[in-house]
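**Q** Residue numbers (the working numbering), protein chains in the order written: chain A, 178 to 521; chain B, 28 to 362.
One or more of the hints may lead you astray.
Here are the simulated lysine to aspartate or glutamate pairs, EDC-like style, with alpha carbons at most 20 Å apart [stated by the list, open to error]:
hint	chain 1	residue 1	chain 2	residue 2
1	B	K106	B	E155
2	A	K419	B	E303
3	A	K419	A	D217
4	A	K429	B	E200
5	B	K148	B	D113
6	B	K294	A	D416
7	B	K342	A	E489
8	B	K294	A	D351
9	B	K342	A	D490
10	B	K294	A	D407
11	A	K196	A	D297
12	A	K429	B	E337
13	B	K342	A	E496
14	A	K364	A	E263
15	A	K429	B	D333
What follows is a list of derived Cβ distance ranges for each label pair [what the hints assert, rightly or not]:
hint	chain 1	residue 1	chain 2	residue 2	range
16	B	S42	A	D374	45 to 55 Å
17	A	A230	B	S39	24 to 34 Å
18	A	P296	B	V300	35 to 45 Å
19	B	A280	A	E308	32 to 42 Å
20	A	D374	B	H295	27 to 37 Å
21	A	P426	B	E354	34 to 44 Å
Here chain B is said to cover these stretches of chain A; the calculated rule only asks that three of the stretch's residues, wherever they fall, bring their Cβ under 8 Å from a Cβ of chain B [stated by the list, open to error]:
hint	stretch
22	407-414
23	422-432
24	456-465
Keep in mind that the hints were calculated from the coordinates and are not lab data.
Quick caveat, the model's predicted, so the values are computed rather than measured.
All residues carry an ideal CB built from backbone N, CA and C; glycine is no exception.
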Amino acid sequence: MASSSNGTKSPPTQVQRTKVLLLGQRRSGKTSIQQVLFNDVPPKQTFYLEPTARIVKHVYDTVIPLEIWDCPGTTTIDTLGAPLAEFSSIIFVIDIQDSYQQPVARMLDFFIAAYQESPDISLEVFVHKAEAFTEDYKLENFRHIQQRVIDELLDISSDYEQMPLNFYLTSVYDHSTHEAFSRVLHKLIDSLPYLEDMLNVFCANSQASKAFLFDVKSRLYVATDASPVDAGTHNLCCDYLKTLNAFGPLYKSSSASPLRLTASSPSSPPKPTFYPSAAVTLAPSTQGTTLTYHLITPQLALLTLMQTAVFEDRRGLLEYNVVFFREGVQEISQVETDARTGTS
Amino acid sequence: MRSLIFSNNPASLTSRLGATIDVEQNHVRFLGDLILNLWDCGGQDSFMDSYLSTQRSTIFQHVGVLIYVFEVESRDMSKDLSYYRDCIDSLRKFSPTANVFLLVHKMDLVAGDKGAQLEKKRRELQHESGEVGVTVFGTSIYDESLYKAWSRIVHTIIPNATILSKHLTTFAEACSATEVILFERTTFLVIATSNPVQAESPFPPPRAITSGSSTPTASTALATSNGISSPPSSLSGTVIPGAEGGDAHKLNATRYERTSELVKALKHSCSRVREEFYALEMELPEFTAVLDEMTKNTYVLIIVHDPTIETAALKINIRLARQKFEELQSDSVGS
Ligand SMILES: Nc1nc2c(ncn2[C@@H]2O[C@H](COP(=O)(O)OP(=O)(O)OP(=O)(O)O)[C@@H](O)[C@H]2O)c(=O)[nH]1
Ligand SMILES: Nc1nc2c(ncn2[C@@H]2O[C@H](COP(=O)(O)OP(=O)(O)OP(=O)(O)O)[C@@H](O)[C@H]2O)c(=O)[nH]1
Ligand SMILES: [Mg+2]
Ligand SMILES: [Mg+2]
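Just chain B, with the same shape it has in the complex:
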């Protein structure tokens, strides 16, 4: 999962990944000076035992976000849950303000009603979490659901995302755009959109898709710690990518994560011929769009439904807005 989001790897290659030994640390420069310190924790029992004993304070201190991955069709759910409870206890002790995200993963393997199965898991996990607030996502590497979950996770650690959003709204108006979406450059996760502040919408069940073989693994705990001072909890429930937007246009609710997935796939195709994806402009029957570099670390997608607006105008607007957003971004991560 990490290789999909943070490197440019396609889902079909993940079966070649070896088991993670102990903890793999990664620094991902996310936005300007905002560096994500990603701890990918191997999920085998012996590692888990050690995280919960000798390594306990190292692992659970300074955690900004805990992402805990469950396999939806686990071979031993009671063991998974027992490890999970221990982790939650440790987290409460060492990093009480951390946000907790639970991913019910490999949803593509569920044969029957995926929505119902996810709902059942969600209730079960919320119950196990006691008074710790958790957000549960159903995910699979074979569709866009993973991008949705990660966009939401990353959103909680971006300070001042609301301000970014406000500026995107202004920018959208200047472009006569229906919507403007800001993506992080390497992951193509959604950082902010021009859509008005919305309350969190109920998470719809992921698209039904089918898949081939599965390789059973133990569930993995992935702890992220980061050096950002502002408590992430103060931001939750503000602007949420994935919420209904575009008012009257009633745009497809999965468009953000689908866009992340599509652009990542195109980037991968380009890299296979040793080319580098740089920018995309489209004048399609339903809309006009420009996807271009906004700042050093971000890309912007402008969606216009007014047929009189041309891509050239949008590109000029992006050029004019770059400086402003570069400043905003460095302000918002407090350099």
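So here's chain A without its partners, still in its complex pose:
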């Protein structure tokens, strides 16, 4: 059963999707993570989620087409119904409040089997529900789990020393799940280096201090420039997108047509397509920061931080650079689509 597509026209059926496997013990939070990220479910509402009885495949279209398999807690390699080699990434969710022995053993079964079939697979561990603990206790548990996983792996065989495992502390109650899943996503995007290059160039040309390319609906960032990601900035960008997403329909008029998005009728002269934009200023003075937003494709938006003075004085240049950036991203997306539908 496929569900929750993000409103784009249904892509050609033969499109090759990147598959992500979501595993973990019962009630570890797999469905919650999927629903909060891709279905806009408020974190508190995950309390009412039913246990997952059979595998649910969620498709999601962003810079690449994804297929996320949300599994019941009891899934085994045999009941999965697909070879592990089909997946590009496996995320194993461990409840930080639960005992670790069983989940770690199960996780290693999956990881070892997957690693043997395809050594390039991304193996990701979400140590989840982390908000429940104090900062110190959380980190202590996090380290403990990592150490335990590595010890057990080496006990099994020293061949696995090179197995690339990534650990993340996550919780649906803050931005950590978005941040972690973004990092998981980055490894799946073949065109990532091109996107990053374009963001670097954009920052340099527009005097922006930071730029993110975000998936608008899920609020995952698909790429960012080379400067380090500061958690606070990332969180603010996420919240800003959430605000804009909520504002969008709030003042919708039932009579005034949204002239801007409707493709011009054949008779009228072609208008340039309208792309939404926004800016929030973060201090009365021009010394402060402005956070800009430009929609790039129906799914992706460019968010940048720059000095308010720069934003105000060089707006024309900014808009010009956005047009170039957009063309570049659209080209990359096209290449990606062609490769996946076999039209190239």
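Position chain B with the ligands relative to chain A; hints supplied.
**A** Below, chain B with the ligands without anything else, positioned relative to chain A:
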């Protein structure tokens, strides 16, 4: 509830609030010289008993507005009501012209039909209030309903809100705007809108939302007294934020309180990275909007549906209107 509206606190942190001991007084500068003197009264029985006996005249004198908070799922409604009746009696004696607002709070905890439950409570409370006119709201800190209630409450204490509204209408026309909304700066409560004078519309049931844990508390009486001379009652039933507006556009009826909630949330996000929210402009598929400082104490939101109008033009208009509104505002609060 007070911490949500008057400080920049998110709902998730309210469970850490301690019980209010006796009365906490707060002065909130609302508009220019209009200072809201907020008395947050602890709701535990011993405090309530003392408000109604030794402290009676102190508490109930010079009250402009009484806000009485009931828990929708109270453990002991008959006790709540008995305290309420005593408070109403005291209020009638000491501040007969005070406006009374009753908040049926924690609506998010109602499992079944929220609208029906609220209606039942409303009738019950109106009955208990006898001939004292009361306005009842269903509220929850987990959605925008609290902003709706407080905007309406605050509206009754702003003198000359009608005049502000008229000027906003003129301003909206100058901007080719569908609507212009004026917010108080710290609370982001709606002060006035450009929409034509409307009669009070029936209060729709709050959005259905669900929630997690609850901490039981006694209902709290929150009395506001203020030093404004004009009797607030003379203003009721004039311009009411939340009434249907935007005529042909049929805009979402909950947009004002949703906007308050959204902007408060964004302000909170900014403060978490030690930034200060200042202004927002949006060119979205459905509309163009600018949210910017209007006067020292207010923010203005301009909503435009005409796609040819640019945000830069709106910002210039705001700059040009500032002086006028600064004057208006000081007139309207009678400095
Ligand atoms: N405290 C906390 N609870 C969470 C978090 N994420 C999920 N939960 C809760 O964990 C419980 C189980 O979540 P589910 O998403 O149904 O877990 P699952 O792994 O899909 O469970 P199965 O489908 O039965 O395998 C729910 O009550 C969630 O509200 C989190 O980050 N923090
Ligand atoms: N579910 C739910 N809980 C709420 C709501 N509003 C407040 N609470 C919770 O109720 C508890 C008490 O809130 P307070 O604001 O301290 O209550 P109070 O009326 O001031 O209490 P006193 O000062 O003792 O009179 C806190 O744990 C809040 O998180 C609401 O709308 N819904
Ligand atoms: Mg599940
Ligand atoms: Mg209190």
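**Q** Would you list, in rising numerical order, the hints stated earlier that this structure does not obey?
**A** none
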